[in-house]
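Chains D and Y, in that order, are what the protein sequence lines are. For what it's worth, the working numbering labels the leading residue of the first sequence as 1, then goes sequentially. For what it's worth, the working numbering labels the leading residue of the second sequence as 1001, then goes sequentially.
Keep in mind that a hint or two might mislead.
What the hints assert, rightly or not - Each computed EDC-like pair below joins lysine to aspartate or glutamate, with the alpha-carbon atoms no more than 16 Å apart:
no. : chain 1 : residue 1 : chain 2 : residue 2
1   : Y       : 1039      : Y       : 1024
2   : D       : 70        : D       : 5
3   : Y       : 1177      : D       : 105
4   : D       : 98        : D       : 64
5   : Y       : 1177      : D       : 5
6   : D       : 116       : D       : 105
Quick caveat, the hints were computed from the structure, so don't treat them as lab data.
This is what each chain is made of:
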Amino acid sequence: MNAIEAQGIHKVFNPDTDEEVVALQDIDLQIASGEFLSLVGPSGCGKSTLMRLIADLLQPSSGELRVNGKAPAQARLDREYGMVFQHATLYDWRSVSKNVQLPLEVMGYAKAERAKRAQAMLDMVELGAFVEHYPWQLSGGMQQRVSIARALVFEPSVLLMDEPFGALDEFTRERMNLELLRIWGATGTTVVFVTHSIAEAAFLSQRIVVMTPRPGRITQIVDNPLPYPRDFHTRSDPAFHALVAQLRDLLRDAVEAESAPPRGA
Amino acid sequence: MTRNRLATYLPTIAVAVTVLLAWELLVVAFDIQQFLLPKPSAIFAEFTFQLGLWLAPDERSILFESSGATFWEAIGGFVIGCGGGVLVALITSRWTIISEATMPFAIAANSVPIIAFAPIMNNWFGITNPASKMAIVAIIVFFPTMINTVRGLTLVDARQLELMRSYAAAPAEVLLKLRIPNALPYIFSALRVASALSLIGAVVAEFFGGPRATLGVYITQEASAFDFAKAWTAIMMASIIGIAFYLAVLFLERRLMPWHVSFREE
Ligand SMILES: Nc1ncnc2c1ncn2[C@@H]1O[C@H](COP(=O)(O)OP(=O)(O)OP(=O)(O)O)[C@@H](O)[C@H]1O
Ligand SMILES: [Mg+2]
C-alpha cells in the first residue's frame, strides 16, 4: 500500500499577482508505506512546499493528494504526521521529557502513559539520562534528537523531516544518520526526508527524488541499490560513490538547464 | 556563593557610598542652604526620627502613614491596570482582527501623558478618594501591559505553530501551552516598567491634591513650608517603595520563569 500518493500537484503562491511563484508543477509521486524517501534539489525547487502540502500546512492549487488513502487534512486530524525541522524548535520552558510529552498532552494521553512513552523514546535516541535537563543545556545534535523523539512519540505513520541535520557539523550528522536508520528500522515509519546533501540522501534513502526549480518539478526518481543495514562501510562502497556521482550529474544538469537562456531567445 | 554575591554588589555599594559622601561634603563645603539641598545626614536623621514616632505606640508618623497610603494606591492601580491589560490582550488576541484593529490605538494611548488626566480623575472619584489615584495608575500601566502581552501572544515562532497544527491542537491548547508561556517574558518586562510607573503615577497624581497623609501631598506641603529635610525624606521613602516594588516583580519573574535566558546559571 502507498502511504502517500500525489497526482498532478500544482502549487502557485500569490496567483494572479506580480509576485506569482509556481512553486510546484506536475508533481506525480507515490511513496510506499514504510519507505525512506529523500527529496534533493537546488534551493527554491519546492522541497519544503511539497512537504508542507503533504502535512496539510498548505493546500495544493490543483491536483490530488492522498495520505494513507485519506485527504491530508483528515490524516492530520488523525495525527499521522511527525515533523522535524532544521532547528529543533523545543520549548525553552519545558524539560526534555516534558518537550517529548507535549504532543501526548495535546492528544489527551494519561499522565503515566506520557511519562512512560517519553522515557522509552528518549532511551531510543540515547538521551534516557537527560530527561530532566532543559533544552539549553543540550548540544545541537542532542536537541535534534529530542525533536525526533517528540515527533515519533505518538507513533505517527509518516515522519516528515525538512533538513533535520542541516545545522549540525559533519561528524554529528553522520552519527545522526546512523541513528535515524536504526530508529526507522525499529518503527517502520514512512520517512520523507529533505536534504541539501547528496551524500546524506544516498546514504539514507531507498529512493531519491531529484527536483529542479522555477517551476519546481521532479526531474528523476533514482532507486538506491545499496542494501541495508548501512553503516560506515557503506560510504566506501563503490556503488555508493557511483550513486553520488549520478545524483551530482543530475543536479548539475538541472542547474545548468536553469541558467541557460530560454529557447527561442 | 555569598562571597560571589558580595563581589557582584560591591561596586554598586561603593558607588552609593561615594555619591552620598560627595553630596554631604559638597553641601558642607559650599555652605548650601538646606532648602536648596539638605545633607544626607539630615535626611537620615529625619528618617530615624519618623521611624521612632511610627514605632512608638502612642505617637503618629504622618510620613509613614503617607507612605502606606501611597503604597496601596500604587499597588491597587498596578493590579487593576496590569490585570486588565493582560485580560484585554488575551481576549483580543483570540481574534486577530480585533487585536490588529485595537493595537494602533493602544500604542497611541501609550504615548499620551495620561498623568495629565489626574485632575479629572480627582473630580470623578473625589479628591480624597484613593480610587482617583488608583484609576490614574491603572490607566498608566494598562497600555504598556496590554501592548506587550499582545506582542508576546502573537509573536510566536511559525514552526512552533505548525507543530501544534500537526498535532491537531485546539486553539485553547495552543493558547495555554504555547502562546501564554511565550508571552511571559513580554508580560514581565511590562510589569517591571509598570512597577516603577505605578509609584510615579500615584505620587504625581497626589501633587494635584489628595488626603493629607499621602506622599505627594506631604512632599508639596513640606516643600512649601520650607521643611526640606522632611520633603526629601518623603522622596526617599517613595524611592524605597519603588525599588522594593520592582524587586518584588523581579522575584516573581524568577519564580515563574526559571527557564528564561537572563536567569540561567553558567
Ligand atoms: N509562503 C510562500 N509565499 C510565497 N512564495 C513562497 C512561499 N513559500 C515558498 N515560496 C516560494 O516557493 C518556491 C519554493 O520554495 P520552497 O521553500 O519549497 O523551496 P525549497 O526547495 O524548500 O528551498 P530550500 O532548499 O532553500 O529550503 C520558492 O521560490 C519560494 O520563494
Ligand atoms: Mg526548504
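Checked hints:
no. : hint            : verdict
1   : Y/1039 x Y/1024 : holds (5 Å)
2   : D/70 x D/5      : holds (10 Å)
3   : Y/1177 x D/105  : holds (9 Å)
4   : D/98 x D/64     : violated (37 Å)
5   : Y/1177 x D/5    : violated (34 Å)
6   : D/116 x D/105   : holds (13 Å)
Of the numbered hints stated above, those contradicted by the structure are hints 4 and 5, listed in ascending order.
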